[in-house]
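For chain X, the structure is supplied; the task is to place chains W, P and L on it using the hints.
Protein chains: 4
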Amino acid sequence: MKAQINDVNARHLQTHQDDLNYLANKLSKRNVDVESIVDTLSAFQVAIPSWALGAGGTRFGRFAFGGAPATLEQKIGDVGILHALTGSAGAISLHIPWDVPEDPSAIKELAASKGLIFDAVNSNTFQDQSDQEHSYRYGSLCHEDKAVRQQAVDHNIEVIKHGVSLGSKSITVWLSDGSNFPGQLNFRRALQNTQESLHAIYAAMPSDWKIFIEYKPYEPNFYSTVIQDWGTSFLLANECGDRAFTLVDLGHHLPNTNIEQIVSTLMSKGKLGGFHFNDSKYGDDDLTVGCIKPYQLFLIFNELVFGMANNEAGNPDLAWMIDASHNIKDPLEDLIQSLEAIMIAYAKALLVDQDALKALQLGHDTAGAQQLLQDAFRTDVRPLVEAAMLKSGAAIRPLDTYRQLDIRASLIEERGVDSMATGL
Amino acid sequence: MKAQINDVNARHLQTHQDDLNYLANKLSKRNVDVESIVDTLSAFQVAIPSWALGAGGTRFGRFAFGGAPATLEQKIGDVGILHALTGSAGAISLHIPWDVPEDPSAIKELAASKGLIFDAVNSNTFQDQSDQEHSYRYGSLCHEDKAVRQQAVDHNIEVIKHGVSLGSKSITVWLSDGSNFPGQLNFRRALQNTQESLHAIYAAMPSDWKIFIEYKPYEPNFYSTVIQDWGTSFLLANECGDRAFTLVDLGHHLPNTNIEQIVSTLMSKGKLGGFHFNDSKYGDDDLTVGCIKPYQLFLIFNELVFGMANNEAGNPDLAWMIDASHNIKDPLEDLIQSLEAIMIAYAKALLVDQDALKALQLGHDTAGAQQLLQDAFRTDVRPLVEAAMLKSGAAIRPLDTYRQLDIRASLIEERGVDSMATGL
Amino acid sequence: MKAQINDVNARHLQTHQDDLNYLANKLSKRNVDVESIVDTLSAFQVAIPSWALGAGGTRFGRFAFGGAPATLEQKIGDVGILHALTGSAGAISLHIPWDVPEDPSAIKELAASKGLIFDAVNSNTFQDQSDQEHSYRYGSLCHEDKAVRQQAVDHNIEVIKHGVSLGSKSITVWLSDGSNFPGQLNFRRALQNTQESLHAIYAAMPSDWKIFIEYKPYEPNFYSTVIQDWGTSFLLANECGDRAFTLVDLGHHLPNTNIEQIVSTLMSKGKLGGFHFNDSKYGDDDLTVGCIKPYQLFLIFNELVFGMANNEAGNPDLAWMIDASHNIKDPLEDLIQSLEAIMIAYAKALLVDQDALKALQLGHDTAGAQQLLQDAFRTDVRPLVEAAMLKSGAAIRPLDTYRQLDIRASLIEERGVDSMATGL
Amino acid sequence: MKAQINDVNARHLQTHQDDLNYLANKLSKRNVDVESIVDTLSAFQVAIPSWALGAGGTRFGRFAFGGAPATLEQKIGDVGILHALTGSAGAISLHIPWDVPEDPSAIKELAASKGLIFDAVNSNTFQDQSDQEHSYRYGSLCHEDKAVRQQAVDHNIEVIKHGVSLGSKSITVWLSDGSNFPGQLNFRRALQNTQESLHAIYAAMPSDWKIFIEYKPYEPNFYSTVIQDWGTSFLLANECGDRAFTLVDLGHHLPNTNIEQIVSTLMSKGKLGGFHFNDSKYGDDDLTVGCIKPYQLFLIFNELVFGMANNEAGNPDLAWMIDASHNIKDPLEDLIQSLEAIMIAYAKALLVDQDALKALQLGHDTAGAQQLLQDAFRTDVRPLVEAAMLKSGAAIRPLDTYRQLDIRASLIEERGVDSMATGL
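Residue numbers (the numbering used here), protein chains in the order written: chain X, 1 to 424; chain W, 1 to 424; chain P, 1 to 424; chain L, 1 to 424.
This is chain X alone, in the form it adopts within the complex (with noise of 0.2 Å):
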């Protein structure tokens, strides 16, 4: 694939150089440290969930996509192809028990050679499976009845040695504990409870683990959500321990919320440690990144890129994933526009002058200060991108690459048009 994928290249190679050199000689007019900035693109790594590579859907309803991959080893295999194209999606986050690894080291082994490691694995309780003893139907880690408790904390704790077989070092608790009728739970029991059986999953982690809570206004209940909100997740966190964190969904905010802000309160504290990519316009829509709202991504970018810089609250290294659902695109594809919004807003807020920032505030130069951050938007910095993702061996521009190579069709005849991936 990577001949493939130089062949490509050859054709875009020229106009790239030339936008490259205008960018970069006007940037170094500025005192930007373009190769700098193109080695921090070329080395971030966002992990692809193994639940996002099949078509999506609503509870209306879904329209099926050809060529989905059917087992774990194929949703491998797409992840390979979205890292070979863009260099940047290096990691997959497992889910369970959809992609229940067989064969760790095996499974293991083909990640590592398509350049994959395996990032945290994700834990489910908030469907019923049809071999397990207690329904979530009322909740699982808050549920009033300690034997539930205990099946999904239990099922916690095996989703985590299925995370250690492959080298996963983290887990992401998605609750969606909480009701849907006012009287039907008891916020306080239910706090207390999820209080609990978060500290028990806490407490069978190996020591080198982390464990990210992400919180949710609503969905699939639709009157409370347990961890309805990140004050909720960073309390839960705190009393767990220090290696318990809050994850950021960015779908996952009432309406208007500035989620620039609580990610400077939580890095200020040393409480974020996980990100879940994606845009949406209403709810938890889980649209591709940046196609609604590209500059509030920036702005959480240029939280993130100060937060990383001025660590002294001793966030981990931060677990990036994609969370998105793609109910009418081929997912490939829906994946690589994302992958490329999010290394576009990250490139524009490298381009931030946080001194001359600073300045700003001090001096009290509002409007000087949103001059500032517009510069660094409006500009184009896709050159940018596409060099980091020439020196990562992948493609300059990575959709137009993927249809020039046809692969979905590759896989539709590898697959079948009806092959259906495990998930929602």
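Don't read these hints as lab results, they were simulated from the structure. Owing to the predicted nature of the structure, the values given are computational and were not obtained by experimental measurement. Wrong hints could be hidden among the right ones.
Given that identical chains are not distinguished, each listed pair holds provided it fits within a single copy or across any two copies.
To be verified - Each computed DSS-like pair below joins lysine-lysine, with the alpha-carbon atoms no more than 27 Å apart:
1. K358 x K146
2. K146 x K269
3. K2 x K169
4. K358 x K391
5. K391 x K26
6. K114 x K2
7. K169 x K26
8. K391 x K108
9. K29 x K146
10. K210 x K269
11. K269 x K2
12. K391 x K146
13. K29 x K269
Relative to chain X, chains W, P and L alone:
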């Protein structure tokens, strides 16, 4: 079943009569015609959709409920139970193709035997059926491709035919058509195509039929919906003709929308045709009616009562329907709670002294007008609703009665714990 | 005034007693201790802020209201009227510098003569006063410049001193600090500065004082607010110390927030200190309590009642206050309506059988738990509120009585039609 | 001033030309007619409202800004500065009664000397003026009392007369009419009264005049607004006549509204008349254009460009205006930033290849269509905007130039630090 209901009623009768006497006595001092209100409530009928009798679900899964009705006959049986218990569920709203009547006259007879008629029929062009030629992945009535539009129009005409065979007089078109990403769809062409498709359906209706055009801002499309708001539906209904109307679903609005004002505006122009009841906190949550915002429901009923009493603009008899999703509760219990909430809101609205309210408005007595509505809302009108149900030969306390008669257990015994209802 | 109130009461007494008898009879069958509820209601006192007695306004202007209290003495007079009429407005919450007490002991005596005490005092660093050295245009406690922060801290300490002189025991800090534009402010430094400033205020408090930290997502800043949500307030309160608490204002939340869950979480951690009542449909609309979402208010009270009865975590006695803006109604009428709405919601919450609710929750009877809350809410508890007011020597029907006694006319005669209250 | 601007331009000229050459070269390869785009941008003119030149404020207060224009002449002076700097602020939108022209021909001449014309005039019936007979506390055009409506109609006719005297050709009616509490107002009568009042204004307009009807969901009324959404405005405009149109203000929408679709719908029906620019995160925040959601602004411009190029329905030349509130920034700096953001969004929209987009839509290439819009948006078009400004004889970098020329200092010197602008 009547006999069983009467038995349970006997236990509650004395309390009911005491409560009714107290309330009637109080209301009569304010010149409220209690008997007339009870008659009005007793005559009020809400349709139950054929898809709402099994467990609902979200994109994250579904928790099945035992004894679900697997056939149209069984669904009619369930609505019959609801109607026997509440006296207010005297109609069924059919969804095609989930519930195609194979033998219409037998179905009609079965329904009639339970006191049920067939209200508005519903088409489905938001899902692909296995036998259909063209996919609705990229829309149906709005589709760029005429062949797809024609297929969707033909389906609607087919639905009308089924409705005619059952005695229905109207069709509700809920269109999920829209887009997930900026650029995907040309708004103008989509609107124009939708208008032409609706025209074609309108033209195919029998002359005594009406069409109801539903609107919704998002879901299952997350960037745009072709009929995103009442204004678009109103525009389309006006361009269709006199027998085209807007249908309001309570859950189909952006956060904080003043729905009661929309109801008033549509009624003042003679263009409100139907109403879908449910409740929600976040989006189209499809929760039990009145479980989140009962005061809003009352304010909406206040507009409906005013509008029906001042119908110079010629709105038709409204098509009332419950459109909720029963994700964790017994669907029949949920529907009983919805029916009660509707009756309670309606009863409270009937208590509003419209002349007195007008006088306060003309005198700009804002506090007084607010108080007048609050007085009606704060009144415990449950004795009136009980009286209406009793008058209809139904249960004084439908939910208790449903439980006392152990109806779910009978249904599970009859149909099994794993029976599945067609639908979402 | 007592005599006048008694005269009006005499006309309503028989009706009240009939209503109370009927209700008490019903409730006693359910083992509700009616007398105890009336006692609890009668003892409940809500503070009236000194700035809420004149006409409020918006950025588009203000419509003045005649007879506004121009002095602190007149404001105390107005609160005295409210307290005489409702028996539930037994406290004043002072705003400095709008209402600096020149002669504290005289003021205190005047208040005491009307049965009033001084509850939490309020500082103001969101406006510039003519005599102040530094501007708060770019923030106060969060300001980049230490001199400005010191000025704001000093002001708060000054406010505490005024409070001490009047017998207050707590200070509420509402901070408008934030930014209007991305880039304007560094989130982390702003939070750090705010934390240090709050520490300084905390350290300066007498040892029997408490500080309440209010949060708000936006307005008057429209991009970010330093204390944007309960999580931030909670974090700051924890870092201040044991006598620092979060204050919840109902209008200070993003659309669709589950406020009752926030109340529960804060109380379960012993960190809820105060409560500001109002209602809203869109943002911080500051409308009359209970005029838009009375069921939400009831659900919040349900958590408060549960939390106060299960206060292992040691929340203080809550500081209750009405924080509404009276833009078009007579402020006193508006406040009477708010007080009644609060008492009604509280009374309904007191009807909730917490043991029965717990049993339903443990049995996962979702429909039953919903019904239990709805039963309490649907009960007409106004006779209980009337009884509580009567017991306090106040009016059975405060609004009617206010009008019958023509109090506004007296105030206009006394103070003139153009008198102006200090405040916004 | 031209000379001074040219001096500053000289310093930036070489960089500008290099950037333009690079961009023009790239675009010409894609067959973009760069010169035509620059011409279009250069011809584009946005009106500045006479009330936007001083410091704005919120209900919590205002932080004054030195050198505010105290007279209409000074306001024209300020707009003249903006126009000289940007070449795109060639019109003034007058607000009556804040800026009544005493000597219209002198005013007109003064404006003309600065290259300015008078665009739509604005009436004000949301505030009471000291000399007015009836109060608008309870509404104006919607008022229950005919005398109040007549007063409001007469005011609008007076405003039109002022407009005629200055060469305006249209009036914008923004109505704050609505209610704060359920029950306060009868929706139907309010709508009917408003319709009749608008008819009366419409009938009084000169035959070459247009009326623009603005909508807004809330504020300063917080329960209902008579013209709450585009649907209501559209309905009213249709009932007025051919020269009545809807006006869209970007901040006047509920959370998450798809505004670009509204623009498309109105244009497809020939009923879009005017446009008010600003940006917002929460409500009608009136922030600098493009500072929060620049991609949304681009998508809206994409619809405007498409709509103007496909104007079969006969929309008039749109009345463009900036409607922002300058609470903490120098108003002139803020307006410069708004003008630049508008030009940038417009330039990006002009880059969209509408034929290619249509082809992708017809082919259902969703990823491709998304990419096409993103490509346009991600392009750094600032050289095109610079070229347009240069072509108009304005500044290459208006904000820098404004600062270099130290214009605010001159204004303060001329007008004083305490001068006040009329307005909110």
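Hint-by-hint comparison with the structure:
1. Proximity of K358 and K146 under a CA criterion of 27 Å is satisfied inter-copy only: 16 Å between copies versus 52 Å inside one chain copy.
2. Taking CA atoms no more than 27 Å apart as the test, K146 paired with K269 passes between copies only; the shortest distance there is 22 Å, against 33 Å inside one copy.
3. In this assembly of identical chains, the alpha carbons of K2 and K169 never lie at most 27 Å apart, being 30 Å within a copy and 64 Å across copies at closest.
4. Taking identical chains as interchangeable, the C-alpha atoms of K358 and K391 are never at most 27 Å apart, the minima being 32 Å within one chain and 35 Å between chains.
5. Proximity of K391 to K26 under the C-alpha cut-off of 27 Å is found in both arrangements, the shortest distances being 21 Å within a copy and 24 Å between copies.
6. For the homomeric pair K114 and K2, the shortest alpha-carbon distance inside one copy (11 Å) is at most 27 Å, but the shortest distance between copies (62 Å) is not.
7. In this assembly of identical chains, K169 and K26 lie within 27 Å of each other by CA distance neither inside one copy nor across copies; the values are 41 Å within and 46 Å between.
8. Taking identical chains as interchangeable, the C-alpha atoms of K391 and K108 lie at most 27 Å apart only when both belong to the same chain, with a minimum of 25 Å there against 62 Å between chains.
9. Neither within a single protomer nor between protomers do K29 and K146 lie at most 27 Å apart by alpha-carbon distance, with minima of 64 Å and 35 Å respectively.
10. Both within a single protomer and between protomers do K210 and K269 lie at most 27 Å apart by alpha-carbon distance, with minima of 16 Å and 25 Å respectively.
11. Proximity of K269 to K2 under the C-alpha cut-off of 27 Å is found in neither arrangement, the shortest distances being 43 Å within a copy and 52 Å between copies.
12. When the C-alpha separation of K391 and K146 is checked against a cutoff of 27 Å, the pair qualifies neither within a copy, at 53 Å, nor between copies, at 47 Å.
13. In this assembly of identical chains, the alpha carbons of K29 and K269 never lie at most 27 Å apart, being 36 Å within a copy and 50 Å across copies at closest.
Comparing the model with each earlier hint shows violations of hints 3, 4, 7, 9, 11, 12, 13; every other hint is respected.
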